[in-house]
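Residue numbers (UniProt numbering), protein chains in the order written: chain S, 1 to 240; chain E, 1 to 240.
Just so you know, not all the hints are guaranteed correct.
The list cannot tell twin chains apart, which means a pair is met if one copy fits it or any two copies do.
[Unchecked claim] Cut-off 25 Å, straight-line C-alpha distance, at most; resulting in silico cross-link-like pairs (SDA-like, lysine to any residue):
(1) 209 - 157
(2) 30 - 104
(3) 209 - 192
(4) 209 - 113
(5) 30 - 134
(6) 209 - 60
In short, the hints are calculated from the structure, not lab data.
There are 2 protein chains.
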Amino acid sequence: MTNPTAAMLVIGDEILSGRTRDSNMNHLAKVLTDAGIDLCEARVVSDDQPAIVAAVQALSAAYDHVFTSGGIGPTHDDITADAVAAAFDVPIDVRDDARALLQAHYDRAGTTLNDARLRMARVPDGATLIDNPVSTAPGFTLGNVNVMAGVPAVFEAMVASVVSKLAHGAPLLSQSWRVMRGEGDVAAPLAQVAQDFPELSLGSYPFQKDGVYGTNLVVRGRDASQVDAAMAQLQALFPV
Amino acid sequence: MTNPTAAMLVIGDEILSGRTRDSNMNHLAKVLTDAGIDLCEARVVSDDQPAIVAAVQALSAAYDHVFTSGGIGPTHDDITADAVAAAFDVPIDVRDDARALLQAHYDRAGTTLNDARLRMARVPDGATLIDNPVSTAPGFTLGNVNVMAGVPAVFEAMVASVVSKLAHGAPLLSQSWRVMRGEGDVAAPLAQVAQDFPELSLGSYPFQKDGVYGTNLVVRGRDASQVDAAMAQLQALFPV
C-alpha cells in the first residue's frame with residue numbers, strides 16, 4: 001500500500017524577498033511525516049494571481065493533497081482565496097457562515113467588521129471552512145486544496161485540524177547513527193546497505209563543529225523490522 | 001528596464017521529511033534582492049531523478065537564472081549533478097580539473113581520493129566550475145543553472161562567487177512603518193496608496209506580542225523617490 005502524497009504551496013512576496021523566513025514548511029513536513037502522508041514537493045510563489053493559479057493547478061493535479069500558506073488576510077495583497085477559486089474555475093463571494101463567524105468575533109472585540117475584514121469571509125463555491133481557533137478568520141478546503149493562513153500560530157492550528165481528518169498512511173520511521181568519519185569514507189558501505197534495502201531511504205548528513213567532523217547516517221522507511229535490520233548493518237560497519 | 005529573474009531549487013529528502021530546516025532559500029533571497037535580481041519562485045523536491053530533471057527544465061526555461069542547493073556530495077543519494085546533466089541532455093563524467101582540485105585537497109589532508117569522493121568531480125560537459133573555498137569540492141554552472149552544495153557555509157560561499165559575476169538590476173529598496181493598528185483597519189487606506197503607486201509593492205505584516213498588536217507596513221520598489229513618496233503618504237495616514 002502506498003501512502004497518500006502531498007505538496008505545499010507557500011504564497012508571499014515577503015518570503016521571496018528574504019524579509020521573512022518561512023517556518024511553515026518545516027512544521028507541515030513534520031506533521032505529515034508523523035501522519036504517514038508523503039510531502040513530495042514544496043513551492044514558493046509571489047503574490048501574483050497567474051503564478052498562484054498555475055501552481056495550485058499543477059500541484060492539485062499531481063498530488064493527493066495540497067496545503068497552501070499565506071495570502072488570506074484583509075489587505076489588497078491577500079489574493080489567495082480568489083486565485084484558488086480561479087484555479088478551480090468556481091465563483092467566490094462573501095459567504096454567510098464565514099461572515100457570521102467574523103461578525104461575532106469583531107462584536108466581542110468591539111471592532112467594526114469593515115469591508116477589508118469582510119474580505120476574509122470570501123470563500124469559493126463548494127469549499128468547506130477550516131476552523132481558526134487563534135484569530136477566527138477561517139481557512140477553507142476546496143477539492144484537494146487546503147488554504148491556510150501564513151501566520152505560524154494560525155497555520156499550525158489549521159494544519160492540526162485538517163490533517164486529523166485525512167486518511168493516514170504508514171508513518172515514516174527514522175533512525176540515525178552518528179559516525180566520526182567523513183562522508184567520503186562512509187559512502188561506499190552506505191551505498192551497499194542502501195542496495196540491500198531497496199524499500200528504505202538511506203541518507204548521510206555531514207557535520208563539522210569545533211574541529212570535529214563526522215556524518216549522521218539516517219535510515220527512513222515504513223517497515224520497522226527493515227529499518228532495524230539496516231541500522232544493525234550500519235552499526236556493525238561503523239562501530240562506536 | 002526589467003530586472004533579471006531567478007528561481008531556486010532545493011533538493012533533498014531531509015527538507016521534505018522535516019528533519020532539516022532549510023536556511024539556504026532565505027540567504028539566497030536576501031543576496032538576490034540586494035543584487036537587483038528578482039527571485040520569482042522556489043521549489044523543494046526530493047532526491048528523485050525524474051523530479052529533479054522536471055524541475056530544472058521547468059525553472060531553467062522560465063527564468064533567467066536557476067540556483068540549486070543540495071545533492072552534490074559523495075554518497076549514493078547525491079544525484080543532482082547527474083540529474084542536471086540529464087535535464088540538459090549532455091554527458092557527464094569525472095573531469096580532470098575537478099579531479100585535480102580534489103586530489104590536491106585530499107593529499108593535503110592525508111586522505112585517499114576514493115571512488116566515492118571522486119563522484120564529486122563528476123561535471124556535465126560544457127559546465128564551468130564554481131569555486132568552493134570551504135571544502136574544495138566544486139559546484140558548477142551549466143547553461144543558466146548554478147548547482148551548489150546544500151551545506152549552508154558552502155552554499156553561501158558559492159552564491160557570493162556566482163552572484164558577483166551576474167549582471168545586477170536595480171536593487172529592491174524597502175522601507176517599513178510600524179503602525180499600532182490591526183490589518184483590518186489599515187487595509188483600505190493601504191490599498192489606496194497601492195493604487196496610487198502601481199510600480200511599487202505594498203505589503204502589510206501583522207504582529208501580536210505580549211497583548212500588543214499592530215501591523216508593519218512595507219513599501220518595496222526600485223525607484224527611491226517613489227518609495228519615499230509612498231512612505232510619506234503612509235506616515236501621514238498613520239501618524240505615530
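Cross-check of the supplied hints:
no.	hint	result
1	209 - 157	between (36 Å within a copy, 18 Å between copies)
2	30 - 104	neither (34 Å within a copy, 41 Å between copies)
3	209 - 192	neither (28 Å within a copy, 52 Å between copies)
4	209 - 113	between (54 Å within a copy, 23 Å between copies)
5	30 - 134	within (21 Å within a copy, 31 Å between copies)
6	209 - 60	neither (42 Å within a copy, 36 Å between copies)
Of the hints listed earlier, those the structure fails to meet are numbers 2, 3, 6, in rising order.
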